[in-house]
Amino acid sequence: MCGIVAYVGHREACPLVIKGLKRLEYRGYDSAGVALMNGDGLRVYKKKGKVVALEQELAGKDVHSTIGMGHTRWATHGEPNDINAHPHYSFHRKLAIIHNGIIENYAAIKQALLKKGHTFTSETDTEVLGQFIEDIWENNGGTLEDAVRLALQEVVGAYAIVIMNEADPTQLIAARKGSPLVIGVGEGEYFLASDATPIVEYTKDVIYLNDYEIAVVKNGELTVVTLDNATTTPYVHKVELELEAIEKGGFDHFMLKEIFEQPRSIADSMRGRVQADEGMLQLGGLRDYLDKLAKSKRIVIIGCGTSWHAGLVAEYIFEELARIPVEVEYASEFRYRNPIIKEGDIVIAISQSGETADTLAAIELAKSKGATIFGVCNVVGSSIARATDAGAYTHAGPEIGVASTKAFTAQVTVLTLMALAAAKRKGTISDSLFRQLLAELESIPAKVERVLQAADKIKEIAYIFTYARNFIYLGRGLNFPVALEGALKLKEISYIHAEGYPAAEMKHGPIALIDEDMPVVVIATKDSSYEKVVSNIQEVKARKGRVIAITTEGDTHLPGMVDFTIEIPKVHEMLMPLVSVVPLQLLAYDIAVMRGRNVDQPRNLAKSVTVE
Numbered sequence: 001m002c003g004i005v006a007y008v009g010h011r012e013a014c015p016l017v018i019k020g021l022k023r024l025e026y027r028g029y030d031s032a033g034v035a036l037m038n039g040d041g042l043r044v045y046k047k048k049g050k051v052v053a054l055e056q057e058l059a060g061k062d063v064h065s066t067i068g069m070g071h072t073r074w075a076t077h078g079e080p081n082d083i084n085a086h087p088h089y090s091f092h093r094k095l096a097i098i099h100n101g102i103i104e105n106y107a108a109i110k111q112a113l114l115k116k117g118h119t120f121t122s123e124t125d126t127e128v129l130g131q132f133i134e135d136i137w138e139n140n141g142g143t144l145e146d147a148v149r150l151a152l153q154e155v156v157g158a159y160a161i162v163i164m165n166e167a168d169p170t171q172l173i174a175a176r177k178g179s180p181l182v183i184g185v186g187e188g189e190y191f192l193a194s195d196a197t198p199i200v201e202y203t204k205d206v207i208y209l210n211d212y213e214i215a216v217v218k219n220g221e222l223t224v225v226t227l228d229n230a231t232t233t234p235y236v237h238k239v240e241l242e243l244e245a246i247e248k249g250g251f252d253h254f255m256l257k258e259i260f261e262q263p264r265s266i267a268d269s270m271r272g273r274v275q276a277d278e279g280m281l282q283l284g285g286l287r288d289y290l291d292k293l294a295k296s297k298r299i300v301i302i303g304c305g306t307s308w309h310a311g312l313v314a315e316y317i318f319e320e321l322a323r324i325p326v327e328v329e330y331a332s333e334f335r336y337r338n339p340i341i342k343e344g345d346i347v348i349a350i351s352q353s354g355e356t357a358d359t360l361a362a363i364e365l366a367k368s369k370g371a372t373i374f375g376v377c378n379v380v381g382s383s384i385a386r387a388t389d390a391g392a393y394t395h396a397g398p399e400i401g402v403a404s405t406k407a408f409t410a411q412v413t414v415l416t417l418m419a420l421a422a423a424k425r426k427g428t429i430s431d432s433l434f435r436q437l438l439a440e441l442e443s444i445p446a447k448v449e450r451v452l453q454a455a456d457k458i459k460e461i462a463y464i465f466t467y468a469r470n471f472i473y474l475g476r477g478l479n480f481p482v483a484l485e486g487a488l489k490l491k492e493i494s495y496i497h498a499e500g501y502p503a504a505e506m507k508h509g510p511i512a513l514i515d516e517d518m519p520v521v522v523i524a525t526k527d528s529s530y531e532k533v534v535s536n537i538q539e540v541k542a543r544k545g546r547v548i549a550i551t552t553e554g555d556t557h558l559p560g561m562v563d564f565t566i567e568i569p570k571v572h573e574m575l576m577p578l579v580s581v582v583p584l585q586l587l588a589y590d591i592a593v594m595r596g597r598n599v600d601q602p603r604n605l606a607k608s609v610t611v612e
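According to the UniProt record's numbering, numbering within the sequence shown proceeds without interruption in unit steps and concludes at 612.
The hints are simulated quantities; they were obtained by calculation from the structure and are not laboratory data.
Any given hint could be a false lead.
As the list claims (entries may be wrong) - Calculated pairs, SDA-like style, for lysine to any residue (alpha carbon to alpha carbon, straight line, at most 20 Å):
1. 369 with 330
2. 541 with 511
3. 544 with 469
4. 541 with 464
5. 424 with 282
6. 507 with 457
7. 292 with 427
8. 218 with 170
9. 342 with 380
10. 457 with 567
11. 238 with 395
12. 94 with 170
13. 424 with 439
14. 94 with 81
15. 426 with 372
16. 295 with 343
17. 369 with 387
Claimed, not checked - Derived DEER-like restraints, expressed as beta-carbon distance ranges:
18. 464 with 495: 15 to 21 Å
19. 446 with 342: 38 to 44 Å
20. 528 with 432: 15 to 21 Å
21. 464 with 340: 44 to 50 Å
22. 340 with 222: 41 to 47 Å
23. 517 with 340: 43 to 49 Å
24. 517 with 380: 45 to 51 Å
Heads up, the beta-carbon is just placed ideally off N, CA and C, and yes, glycines get one too.
Let the hints inform the model, and build the full structure from the sequences given.
Right under this line is the structure:
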């Protein structure tokens, strides 16, 4: 969840690390800090707040150093403040450590160190780990690398760590288990980070560190060993990420940029996979497992947050097209019960980052019970991509805004392709419908573009509802998960309480909330549920609720019934979520901006949830 950046080489480390931390602030922004080493020894500077506060703290200080590391924090152990910010010194200040993850048995380790006379300045598990490593190094003999390896053999939990050693200005030691860590390889220099975004400006050659591996950079050389001290030969990947993809590109916020990127990201999710004019659908990542998917008796989809909503959409599509029973589970709940999983079951894990801790743990549980695991994620080389048997990347490009937008539509696109491929192989879809849906999919980017042209009208509606303290979102069928996603977006970035419901469920309780101060967003597109949704709208209006309706272009009936309408193009019912979600993203964004919220970095949230 936190962001890690480190560097050793011939460049000035501090400006490089600070720039990297700014690119990683989507992972956490409670506090930030750096460790540097020069003639004054190993020095740590840290500050509560965003990276800009750290920059102010560093102003006027001697930060010359060709080795350094930095951290931007999403708090787990200890409140956000200067003391709990990373990096942390070890007890005798020989080491400095930064850490992403949670050390579950830190309390027991801390008690043992207290009995030895150690004292602690912070409330964090990270300081405990740093002191533990130093204690082993001082008392067991051997190298610092040995001490790190021995300490991590005793640790329970998840971690990505980087350590600096005051005795060696050429050395960085890093390790990971359950939290991502990428090593950039340059000419006589190395870059370490939580993901590739701080690295691509300097090198496209990266190594994805595996679980239970320790990387040691020393005197310009890199070695990687396992916790059992076996040397490994890491594979160097070429990163395709371009620098402009992680810049705002003239937009006020990353979130707005990413909403407007959806025509391209949806197209990229289909690129090379769909040829509608030839009736061709190819998913290379599923090639060897497509029969297994088509013949499966049961699919379980797991995800968290927006990915869970994408899974709910996929449930409708898989069951309708491929006639396979589907269950959608929160990964965080799935892993803590004893789910009934059998050999032959397919588990589809969805995660934008590919690093979501709960989803990774759920994958391991399902694998242990004999399920075949498919992954749907965005980040190449991520942990989920490597842990699954098969799957498909969404190719949405980097998503920096904490509230997912283009990730949702890309996930729904890929999951729809998977369902179509399974249905075609199984023979549960006619050739004419198969070709129709492929052609409709190819038309989706242009239709999303048309929705985006209504941005000014949506902004006008948003202005009217900035006063609201509560919202209700209603949808039926495939648009029910879209209602959930719309409500989540509003909650995440505006801090307005919002709930999504199946439209027919409103009269089973939520209708008690309806009055003239309650805005109700209804997805009322022309589909098989249209007449029923119109009846639900009438129930709201009878109780003086204010209705914003997402309607199909050309609908002449609803505008006279509701307070506001936002038109979207006519789309096949099966693909409607790809279009109907877009005005809800814009509505949430505009309301949040008008309320003065930081939409890219909403309070208490971080982009990639790599801790439990």
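Going through the hints against the structure:
no. : hint                     : result
1   : 369 with 330             : holds, 18 Å
2   : 541 with 511             : holds, 11 Å
3   : 544 with 469             : holds, 17 Å
4   : 541 with 464             : holds, 18 Å
5   : 424 with 282             : holds, 11 Å
6   : 507 with 457             : violated, 30 Å
7   : 292 with 427             : holds, 14 Å
8   : 218 with 170             : holds, 5 Å
9   : 342 with 380             : violated, 29 Å
10  : 457 with 567             : holds, 10 Å
11  : 238 with 395             : holds, 15 Å
12  : 94 with 170              : holds, 14 Å
13  : 424 with 439             : holds, 15 Å
14  : 94 with 81               : violated, 23 Å
15  : 426 with 372             : holds, 18 Å
16  : 295 with 343             : holds, 12 Å
17  : 369 with 387             : holds, 15 Å
18  : 464 with 495: 15 to 21 Å : holds, 18 Å
19  : 446 with 342: 38 to 44 Å : holds, 43 Å
20  : 528 with 432: 15 to 21 Å : holds, 19 Å
21  : 464 with 340: 44 to 50 Å : holds, 49 Å
22  : 340 with 222: 41 to 47 Å : holds, 45 Å
23  : 517 with 340: 43 to 49 Å : holds, 45 Å
24  : 517 with 380: 45 to 51 Å : holds, 47 Å
Violated hints for the displayed structure, listed by number in ascending order: 6, 9 and 14.
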